[in-house]
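Participant: If you're matching them up, the sequences are chains A and B in order. Quick note: the first sequence uses our numbering, first residue 1, plus one each step. Quick note: the second sequence uses our numbering, first residue 1001, plus one each step.
Be aware that a few hints might be false.
To be verified - Heads up, incomplete: computed chain A residues facing chain B, CB under 7 angstroms, no partners named:
| id | residue |
| --- | --- |
| 1 | P40 |
| 2 | L44 |
| 3 | T51 |
| 4 | S101 |
By construction, these hints were calculated from the structure, which means they are not laboratory data. In this text, a Cβ means the ideal position worked out from N, Cα and C, and glycines have one as well.
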Amino acid sequence: AQSVTQLGSHVSVSEGALVLLRCNYSSSVPPYLFWYVQYPNQGLQLLLKYTSAATLVKGINGFEAEFKKSETSFHLTKPSAHMSDAAEYFCAVSDSSSGGSYIPTFGRGTSLIVHP
Amino acid sequence: GAGVSQSPRYKVAKRGQDVALRCDPISGHVSLFWYQQALGQGPEFLTYFQNEAQLDKSGLPSDRFFAERPEGSVSTLKIQRTQQEDSAVYLCASRPYSEVSEAFFGQGTRLTVV
C-alpha cells in the first residue's frame, strides 16, 4: 500500500528565505508524486508533479521538487519565500497498487508561515 | 464550466438528517474521486469512479455513506442520518483517462452537523 509522510505540520520562514517542505513516500511500485497547495476555503491546486521523466521537477510560482528514489523522498523547495506563499501544502502519491486505479493518497499537510 | 464545481459550498445539518452533496466534474474526465478532509488534516480517500462504475469504495467510513455517478458525469455523495463526526470538508476531484495526469479539485463542501 502507498503512503505519504510529511515531516513538520508547520514550517515558519522569513520573507526571502529558502522554503523546504519535506515529503517521504512509501510505494512498492514506481510512483507518481504530486505537490498541491491549498489556500483557506479553497480546493487543492497542483504545484508540480513527477511522472518518471526528469527527477528535478519545476512547478508554478517558483517551486521545484526532486525525486530521490534511494531516499524515497520528494521534497519541495523555493529559493525565496513570498508572503503570498503562506498556505497549506500537501504531498500525494499514486501508483498501480490500488487495483490499477492510481488513486492519490495524501499526506497530512504542512502549513507554511511566512514572516515579514 | 472550466473547473470542478461542487454544491452547496456550505451545508449545516441537524444530527440525524440526510444530506446530498453534488459534484460536477470537468467535462470529459473519466475518473472521479471523493475525499473527506477534517480540520487541519489531509484529504482522506472515500470512493473512486471510472465513468459510471464505482471501482473502489473502500474509504467510505460506514454504510451511512453512499455515492453514485449514474451517467458517468455528475456525482452525488449522500450521507444518511448524519453524525457530528461527519463534520468535515468534502472534496471532489476529476481526472482525464490517463493516470499520469493530476486530479483537478473542486472548492469543496463544508458540512457542519449540529
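Participant: Against each hint, give a clear statement of whether it holds in the structure.
Facilitator: Going through the hints against the structure:
no. : hint : verdict
1   : P40  : violated, 11 angstroms
2   : L44  : holds, 4 angstroms
3   : T51  : holds, 5 angstroms
4   : S101 : holds, 6 angstroms
The earlier numbered hint that this structure contradicts is number 1, and it is the only one.
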